[in-house]
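2 protein chains.
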Amino acid sequence: MATRPLIRRLCVIGVGLIGGSLARALRERGEVGEIVGSGRNEENLRAAVRLGVVDRYDVDPARAVIGADVVVVAVPLGAIEPVLRAIVPHLASGAVVTDVGSAKGSVVADVGRIYGHIPPNFVPGHPIAGTEKSGVDASFSTLFQKRRVILTPLAETAASAHQLIKRMWELAGAEVIDMGVRHHDAVLAATSHLPHMLAYTLVDTLARLDDRAEIFRYAAGGFRDFTRIASSDPCMWHDICVANREQLLEMIALFGADLERLAAAIRNDDRAAILDTFQRAKRARDNLYLD
Amino acid sequence: MATRPLIRRLCVIGVGLIGGSLARALRERGEVGEIVGSGRNEENLRAAVRLGVVDRYDVDPARAVIGADVVVVAVPLGAIEPVLRAIVPHLASGAVVTDVGSAKGSVVADVGRIYGHIPPNFVPGHPIAGTEKSGVDASFSTLFQKRRVILTPLAETAASAHQLIKRMWELAGAEVIDMGVRHHDAVLAATSHLPHMLAYTLVDTLARLDDRAEIFRYAAGGFRDFTRIASSDPCMWHDICVANREQLLEMIALFGADLERLAAAIRNDDRAAILDTFQRAKRARDNLYLD
Numbered sequence: 001m002a003t004r005p006l007i008r009r010l011c012v013i014g015v016g017l018i019g020g021s022l023a024r025a026l027r028e029r030g031e032v033g034e035i036v037g038s039g040r041n042e043e044n045l046r047a048a049v050r051l052g053v054v055d056r057y058d059v060d061p062a063r064a065v066i067g068a069d070v071v072v073v074a075v076p077l078g079a080i081e082p083v084l085r086a087i088v089p090h091l092a093s094g095a096v097v098t099d100v101g102s103a104k105g106s107v108v109a110d111v112g113r114i115y116g117h118i119p120p121n122f123v124p125g126h127p128i129a130g131t132e133k134s135g136v137d138a139s140f141s142t143l144f145q146k147r148r149v150i151l152t153p154l155a156e157t158a159a160s161a162h163q164l165i166k167r168m169w170e171l172a173g174a175e176v177i178d179m180g181v182r183h184h185d186a187v188l189a190a191t192s193h194l195p196h197m198l199a200y201t202l203v204d205t206l207a208r209l210d211d212r213a214e215i216f217r218y219a220a221g222g223f224r225d226f227t228r229i230a231s232s233d234p235c236m237w238h239d240i241c242v243a244n245r246e247q248l249l250e251m252i253a254l255f256g257a258d259l260e261r262l263a264a265a266i267r268n269d270d271r272a273a274i275l276d277t278f279q280r281a282k283r284a285r286d287n288l289y290l291d
Numbered sequence: 001m002a003t004r005p006l007i008r009r010l011c012v013i014g015v016g017l018i019g020g021s022l023a024r025a026l027r028e029r030g031e032v033g034e035i036v037g038s039g040r041n042e043e044n045l046r047a048a049v050r051l052g053v054v055d056r057y058d059v060d061p062a063r064a065v066i067g068a069d070v071v072v073v074a075v076p077l078g079a080i081e082p083v084l085r086a087i088v089p090h091l092a093s094g095a096v097v098t099d100v101g102s103a104k105g106s107v108v109a110d111v112g113r114i115y116g117h118i119p120p121n122f123v124p125g126h127p128i129a130g131t132e133k134s135g136v137d138a139s140f141s142t143l144f145q146k147r148r149v150i151l152t153p154l155a156e157t158a159a160s161a162h163q164l165i166k167r168m169w170e171l172a173g174a175e176v177i178d179m180g181v182r183h184h185d186a187v188l189a190a191t192s193h194l195p196h197m198l199a200y201t202l203v204d205t206l207a208r209l210d211d212r213a214e215i216f217r218y219a220a221g222g223f224r225d226f227t228r229i230a231s232s233d234p235c236m237w238h239d240i241c242v243a244n245r246e247q248l249l250e251m252i253a254l255f256g257a258d259l260e261r262l263a264a265a266i267r268n269d270d271r272a273a274i275l276d277t278f279q280r281a282k283r284a285r286d287n288l289y290l291d
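Taken in sequence, the protein lines are chains D and S. The first sequence begins at 1 in our numbering and counts up by one. The second sequence begins at 1 in our numbering and counts up by one.
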């Protein structure tokens, strides 16, 4: 006798790298009955059907969510509010909604504005996974294997909704961790949002030099790794900057002050300070990874 | 009848990642008769003999260079001057000397100070290769395959010496390019020295936060790639900062101004400016690499 899947009907709004990979993973595990896709790019949705990532799609999210027991809003942060506004009146009773936004404070604020309160069946979430690629073509079922998913449930969040979303991500292969909203946004500002700002800025700085062609020609292997994240989706990262403005600016200021301090050490030939900085950083990096 | 190897006796001072890999490559190609190692770390030199990277070693570089037709000084930039001072009186007549330093202006200045002029048989060089690892254990014969080596010969450099070093690197698998000293240092400040400063500073900034353990726990794949170069040898990079001070400071200032401009755009909610920056950077990065 077949066991019941965790989710009878899953609606994924934004069938890109994250939404598509989650759909693939749940499908592979047999943990979902039907998958309905939605999103603004119909060509991408057609590809999602062709690839078997979703069973069907509706470009109108309000129609796509009808009868779904779980709705995953996997659109860029700036599109979460309009999508939620569109779907809320059409959600099935008891439907659980989650998102995958890289900042959580702005999403919780969006939700509060739309509902006038924090609804029990909304679970803010953020899978710490992804590549610099985007679109359903880039999705794959093992994206979340051994990756962390952070959920930031609120006081108002129903335990049942929280547990369902936790279980969903675990079935996709992830380790699920709970965290406070502000703390999540601070941690991500440091480990993800700031590095992306540095990579984008570095490539842009060099690209605007007069001898940029010459300069890029001599970039070695380290440069390739270092700048990979500068190939990430500009719109998605624009939205993250806007959504996590305060904490990101704080991290940029911290980093800027430290870079200025290093520059001063180089300028003043303070060799001990230069060496100290590099040694501390190498120790921290080596403790973190074995590669 | 066996053809004569390019180099009868090669002396490598500093048998680390670069010196060791060059020795391995030339040995594999049968283009070197005997390889003599030297350096400050006798344990590393013993390992080099054990691994077959060098035939023998002498911790005293003045003795190690005796009878060598090519001497490769593969020590950190700060050690080049004392090494050159030690070996110059003991070089065989006609011996060609080259280095592998990541900055060339300081090396040429060192050479000028030691000789009182630029000698015809010194060829400043810089292989654009390496990993974040160091020591002879990390060396491998294919390190220079399809990598670029920049030579910065001077007006005084003998064509024969230049051609010999060019041929040596080509036999190790590299593409050899000539460049002016200042131009080399500007290009490297942009593509290599600045990114290392950013990676070291980022890791150090995060490592000094109160919740650093927590923060590093949530670092994703992008962070690993982005910070890999922060595992590079702190002493080597200290020397590079000192050697290429002027051009590095110029690049840090350019970058810092651009980062401040991005921060201002985020602060002022100038969404067009944010998006422009990211789009320009992504285009430049995508044009550069296909990964």
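Please keep in mind that the hints were generated in silico from the structure rather than gathered at the bench. There's no promise every hint is true.
Copies of the same chain look alike in the list, so a pair counts if it fits in one copy or across any two.
Result set (DSS-like, lysine-lysine): computed pairs, CA atoms no more than 30 Å apart in a straight line [to be verified]:
(1) Lys146 - Lys166
(2) Lys133 - Lys146
(3) Lys166 - Lys282
All figures in this text were calculated on a predicted structure; none of them were measured in a lab.
A quick look at each hint next to the structure:
1. Proximity of Lys146 to Lys166 under the C-alpha cut-off of 30 Å is restricted to the intra-copy arrangement: shortest distance 14 Å within a copy versus 48 Å between copies.
2. Within a single copy, Lys133 and Lys146 get their C-alpha atoms as close as 19 Å, and across copies as close as 27 Å, so both meet the 30 Å cut-off.
3. When the C-alpha separation of Lys166 and Lys282 is checked against a cutoff of 30 Å, the pair qualifies neither within a copy, at 35 Å, nor between copies, at 34 Å.
Going down the numbered hints, you'll see the structure goes against just number 3.
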